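*Asks:* So the protein sequences, as listed, match chains Z and U. Following the UniProt record's numbering, the numbering of the first sequence begins with 1 at its first residue and continues without gaps. Following the UniProt record's numbering, the numbering of the second sequence begins with 1 at its first residue and continues without gaps.
Rather than coming from a laboratory, the hints here were simulated on the basis of the structure. Quick caveat, the model's predicted, so the values are computed rather than measured. Just so you know, not all the hints are guaranteed correct.
Note: identical chains are not told apart, hence a pair may lie in one copy or across any two.
With a straight-line cut-off of 30 Å between C-alpha atoms, the simulated DSS-like cross-links for lysine-lysine are [to be verified]:
| # | residue 1 | residue 2 |
| --- | --- | --- |
| 1 | K184 | K101 |
| 2 | K13 | K282 |
| 3 | K210 | K97 |
| 4 | K78 | K263 |
| 5 | K354 | K184 |
| 6 | K184 | K282 |
| 7 | K354 | K43 |
| 8 | K184 | K263 |
| 9 | K18 | K43 |
| 10 | K125 | K184 |
| 11 | K43 | K210 |
| 12 | K316 | K344 |
| 13 | K324 | K296 |
| 14 | K51 | K311 |
| 15 | K213 | K97 |
| 16 | K213 | K43 |
| 17 | K210 | K78 |
| 18 | K184 | K275 |
Read off the chains here:
There are 2 protein chains.
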Amino acid sequence: MKNTISGLLEINKVSTSKIDQVDFDNLNFGSVFTDHMFVCDYKNGAWQTPKIVPYGPLTLDPSARVFHYGQAVFEGMKAYKDDHGDTYLFRPDENFKRINKSSERLAIPEFPEDYFFEGLNTLLKLEDAWIKPGVGNSLYIRPFVIATQASVSASEANEYKFMIICSPAQSYYSGDVSVLVAEKFSRSASGGFGYAKAAGNYAGQFYPTKLAKDQGYQQIIWTDSNAHEYVEEAGTMNVFFRINDTLLTAPISDRILDGVTRKSLIALAEKQGIKVEVRPIKVSEIVEAVKNGSLKEIFGAGTAAVVSPVKAFGYKGEHYELEKQDNSYASHFKSALMDIQYNKAEDSFGWRYKI
Amino acid sequence: MKNTISGLLEINKVSTSKIDQVDFDNLNFGSVFTDHMFVCDYKNGAWQTPKIVPYGPLTLDPSARVFHYGQAVFEGMKAYKDDHGDTYLFRPDENFKRINKSSERLAIPEFPEDYFFEGLNTLLKLEDAWIKPGVGNSLYIRPFVIATQASVSASEANEYKFMIICSPAQSYYSGDVSVLVAEKFSRSASGGFGYAKAAGNYAGQFYPTKLAKDQGYQQIIWTDSNAHEYVEEAGTMNVFFRINDTLLTAPISDRILDGVTRKSLIALAEKQGIKVEVRPIKVSEIVEAVKNGSLKEIFGAGTAAVVSPVKAFGYKGEHYELEKQDNSYASHFKSALMDIQYNKAEDSFGWRYKI
Ligand SMILES: Cc1ncc(COP(=O)(O)O)c(C=O)c1O
Ligand SMILES: Cc1ncc(COP(=O)(O)O)c(C=O)c1O
Numbered sequence: 001m002k003n004t005i006s007g008l009l010e011i012n013k014v015s016t017s018k019i020d021q022v023d024f025d026n027l028n029f030g031s032v033f034t035d036h037m038f039v040c041d042y043k044n045g046a047w048q049t050p051k052i053v054p055y056g057p058l059t060l061d062p063s064a065r066v067f068h069y070g071q072a073v074f075e076g077m078k079a080y081k082d083d084h085g086d087t088y089l090f091r092p093d094e095n096f097k098r099i100n101k102s103s104e105r106l107a108i109p110e111f112p113e114d115y116f117f118e119g120l121n122t123l124l125k126l127e128d129a130w131i132k133p134g135v136g137n138s139l140y141i142r143p144f145v146i147a148t149q150a151s152v153s154a155s156e157a158n159e160y161k162f163m164i165i166c167s168p169a170q171s172y173y174s175g176d177v178s179v180l181v182a183e184k185f186s187r188s189a190s191g192g193f194g195y196a197k198a199a200g201n202y203a204g205q206f207y208p209t210k211l212a213k214d215q216g217y218q219q220i221i222w223t224d225s226n227a228h229e230y231v232e233e234a235g236t237m238n239v240f241f242r243i244n245d246t247l248l249t250a251p252i253s254d255r256i257l258d259g260v261t262r263k264s265l266i267a268l269a270e271k272q273g274i275k276v277e278v279r280p281i282k283v284s285e286i287v288e289a290v291k292n293g294s295l296k297e298i299f300g301a302g303t304a305a306v307v308s309p310v311k312a313f314g315y316k317g318e319h320y321e322l323e324k325q326d327n328s329y330a331s332h333f334k335s336a337l338m339d340i341q342y343n344k345a346e347d348s349f350g351w352r353y354k355i
Numbered sequence: 001m002k003n004t005i006s007g008l009l010e011i012n013k014v015s016t017s018k019i020d021q022v023d024f025d026n027l028n029f030g031s032v033f034t035d036h037m038f039v040c041d042y043k044n045g046a047w048q049t050p051k052i053v054p055y056g057p058l059t060l061d062p063s064a065r066v067f068h069y070g071q072a073v074f075e076g077m078k079a080y081k082d083d084h085g086d087t088y089l090f091r092p093d094e095n096f097k098r099i100n101k102s103s104e105r106l107a108i109p110e111f112p113e114d115y116f117f118e119g120l121n122t123l124l125k126l127e128d129a130w131i132k133p134g135v136g137n138s139l140y141i142r143p144f145v146i147a148t149q150a151s152v153s154a155s156e157a158n159e160y161k162f163m164i165i166c167s168p169a170q171s172y173y174s175g176d177v178s179v180l181v182a183e184k185f186s187r188s189a190s191g192g193f194g195y196a197k198a199a200g201n202y203a204g205q206f207y208p209t210k211l212a213k214d215q216g217y218q219q220i221i222w223t224d225s226n227a228h229e230y231v232e233e234a235g236t237m238n239v240f241f242r243i244n245d246t247l248l249t250a251p252i253s254d255r256i257l258d259g260v261t262r263k264s265l266i267a268l269a270e271k272q273g274i275k276v277e278v279r280p281i282k283v284s285e286i287v288e289a290v291k292n293g294s295l296k297e298i299f300g301a302g303t304a305a306v307v308s309p310v311k312a313f314g315y316k317g318e319h320y321e322l323e324k325q326d327n328s329y330a331s332h333f334k335s336a337l338m339d340i341q342y343n344k345a346e347d348s349f350g351w352r353y354k355i
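Only chain Z is shown next, with the shape it has when bound in the complex (with noise of 0.2 Å):
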């Protein structure tokens, strides 16, 4: 991981900043971004010299392929500011080997890992003032991926553009959800692309989730989908359940993103003594240990939310209420994570990276 600035990026800076304009007490989640983004584009067999433009408008053919073919990937990083000002990321090279590990099951040419860092480093050092300190709050970065060549045949492109753009996020409270355990609709399948943070992962899943929301219910946790016995993954978190003290999760597939969260969450688990069972979990065993008491609680991990408890979930028609724990492993391991991430406590993991 390079932390330099070399000259390899052209900068063009905007003359007057936008940031007053902007009311950093009510967000809306990624629908404000900051005054420049990174941009690089591929052409003739090679990434171009990266860029960082004022933000603004992208002007594509209709027939480019990604309106077409969905190839697109994307990632989803978050910018911390601690109390001296320093602004630090959290393992950005596993967003960085993620993003590639995407491209390259959508058929996209791989990105330099010298292009993603230096974009990074020189764009969050221009975006200082838009990552404000308090915990909770930061600056989340979308860098993504997509095929920008003008042509309907329905084949790889051979032009891309990688941007990364970047939109404050505040920390709110959207309460504890309630989630649909799915028996008909699935989000992907073997031999797939699932574990791809891939534009075609997310489409599919807003019909089935709108219909969730008609019984009550925020969200969708994934099963398999040969026979929906197994559970997978929430929409945009891997997922967490707690039997009685034992922490369960289900394994990375070709259908499960590896999340960064989950992986973060194992590992301190495992730290602190806590057991840890990655192995296939049936929705059975869970509806089970609902019944008997034993299933303490349920989670969902990953950077947006960092770790979003569930109260109650649905399945076959039934609806299983969680008891409210004291001292949850959510909010422990929520604060723990977010200690780090904020630079409040040590980083044994060296999984801080400083602008």
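Following the hints, position chain U with the ligands against chain Z.
*Replies:* The following block gives chain U with the ligands in isolation, referenced to the frame of chain Z:
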């Protein structure tokens, strides 16, 4: 189906056509577009006034949802010109119904029927010079919808663009293809959206297809994602097998696109007394049939290539060649279908739609 032009549309014509710059004898599929395009925006809960405007680039925010979450669907149709200079579409009501079926699954608002047909009629009349006579020549028509809302929140958008773009296409013979039967990779999941013509169903096929090409196969025949035991469809075609004199094709499911060509071939075969079995087809059955000589033909069926004969297939490391047939079903059906499309044969099913 309406065939009128009311005052619904706003039309903004180009001052000079670019048609003289186009070499109609050397067209790359899907890369040259006509002078105009149809555009209709969805916002504030409604489709706005549809417009025909000069073909040109789209301007979208980098956070537009289509780039991140693949909320996009499309259709593929063709306009055919007969010897009298009249233009026809083939079963456009099927494409209209299908794009709305796709939209529903992707949580995109349905598009109004009168806007669709009025848009098509007006656009095709305007682009009449781009539709060249001669069997095989056509104007490829690409209706599509993309989520344009500027925000990277992972949920369905509240703003969309419905567009129709048109690209002149030539008759070409790409040679009989060799296909690889999928053993590991999958196209779609049960409970997923494989039956929708959604962007996210295509990008995932490029990488496995690249690997197949390295082995000398041009396309993949997808199998069920559970066990790879049953043949399903190809990347942009449904698939037929002829065993002795019986045609076999897989039943439509939530994993398979309900192709207009497929259903037309089934109807034609039945009318002509050719036996068609629509049922699950095991890969093992096809392998057995090629070994005992009863497998006479395999062919793909889709709007772009009409009927595309397969000359060989690979499966589990074995390569199976099919014997060349005189009077093949493939060539018979291709002619029968194109005769209807180009107004050279009686249209007993009422499939032609005159512009
Ligand atoms: C499908 C899916 N699962 C899980 C996660 C959690 O991954 P991470 O912890 O790396 O943010 C995400 C993304 O945030 C996701 O999109
Ligand atoms: C996945 C897939 N299957 C089959 C087909 C064939 O459908 P149609 O005959 O309607 O063109 C297409 C599209 O052309 C397709 O994209």
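*Asks:* All the hints need checking, so say for each whether the structure fits it.
*Replies:* Results for each hint:
1. In this assembly of identical chains, K184 and K101 lie within 30 Å of each other by CA distance both inside one copy and across copies; the values are 29 Å within and 18 Å between.
2. When the C-alpha separation of K13 and K282 is checked against a cutoff of 30 Å, the pair qualifies neither within a copy, at 53 Å, nor between copies, at 60 Å.
3. Taking the closest pair of Cα atoms, K210 and K97 come within 30 Å of each other only across two copies (22 Å); inside a single copy the shortest separation is 32 Å, beyond that limit.
4. Taking the shortest Cα distances, K78 and K263 sit within 30 Å of each other inside one copy (16 Å), while across copies they are farther apart (50 Å).
5. When the C-alpha separation of K354 and K184 is checked against a cutoff of 30 Å, the pair qualifies neither within a copy, at 45 Å, nor between copies, at 41 Å.
6. For the identical chains of this complex, K184 and K282 are neighbours both inside a copy (16 Å) and across copies (24 Å), given an alpha-carbon limit of 30 Å.
7. In the homo-oligomer, the alpha carbons of K354 and K43 never lie at most 30 Å apart, since the shortest distance is 32 Å inside one protomer and 42 Å across protomers.
8. When the C-alpha separation of K184 and K263 is checked against a cutoff of 30 Å, the pair qualifies both within a copy, at 28 Å, and between copies, at 26 Å.
9. In the homo-oligomer, the alpha carbons of K18 and K43 lie at most 30 Å apart only across protomers (26 Å), although the nearest pairing inside one protomer, at 32 Å, exceeds that limit.
10. In this homomeric assembly, K125 and K184 never come within 30 Å of each other (Cα to Cα): the closest approach is 47 Å inside a single copy and 44 Å across copies.
11. With identical chains, the CA atoms of K43 and K210 are at most 30 Å apart between copies only, with a shortest distance of 19 Å across copies and 39 Å within one.
12. For the homomeric pair K316 and K344, neither the shortest alpha-carbon distance inside one copy (44 Å) nor that between copies (55 Å) is at most 30 Å.
13. In the homo-oligomer, the alpha carbons of K324 and K296 lie at most 30 Å apart inside one protomer (8 Å), although the nearest pairing across protomers, at 66 Å, exceeds that limit.
14. Taking the shortest Cα distances, K51 and K311 never come within 30 Å of each other, neither inside one copy (45 Å) nor across copies (48 Å).
15. Taking the closest pair of Cα atoms, K213 and K97 come within 30 Å of each other only across two copies (26 Å); inside a single copy the shortest separation is 34 Å, beyond that limit.
16. Proximity of K213 and K43 under a CA criterion of 30 Å is satisfied inter-copy only: 22 Å between copies versus 43 Å inside one chain copy.
17. Proximity of K210 and K78 under a CA criterion of 30 Å is satisfied intra-copy only: 28 Å inside one chain copy versus 34 Å between copies.
18. For the identical chains of this complex, K184 and K275 are neighbours neither inside a copy (32 Å) nor across copies (34 Å), given an alpha-carbon limit of 30 Å.
The earlier numbered hints that this structure contradicts are 2, 5, 7, 10, 12, 14 and 18.
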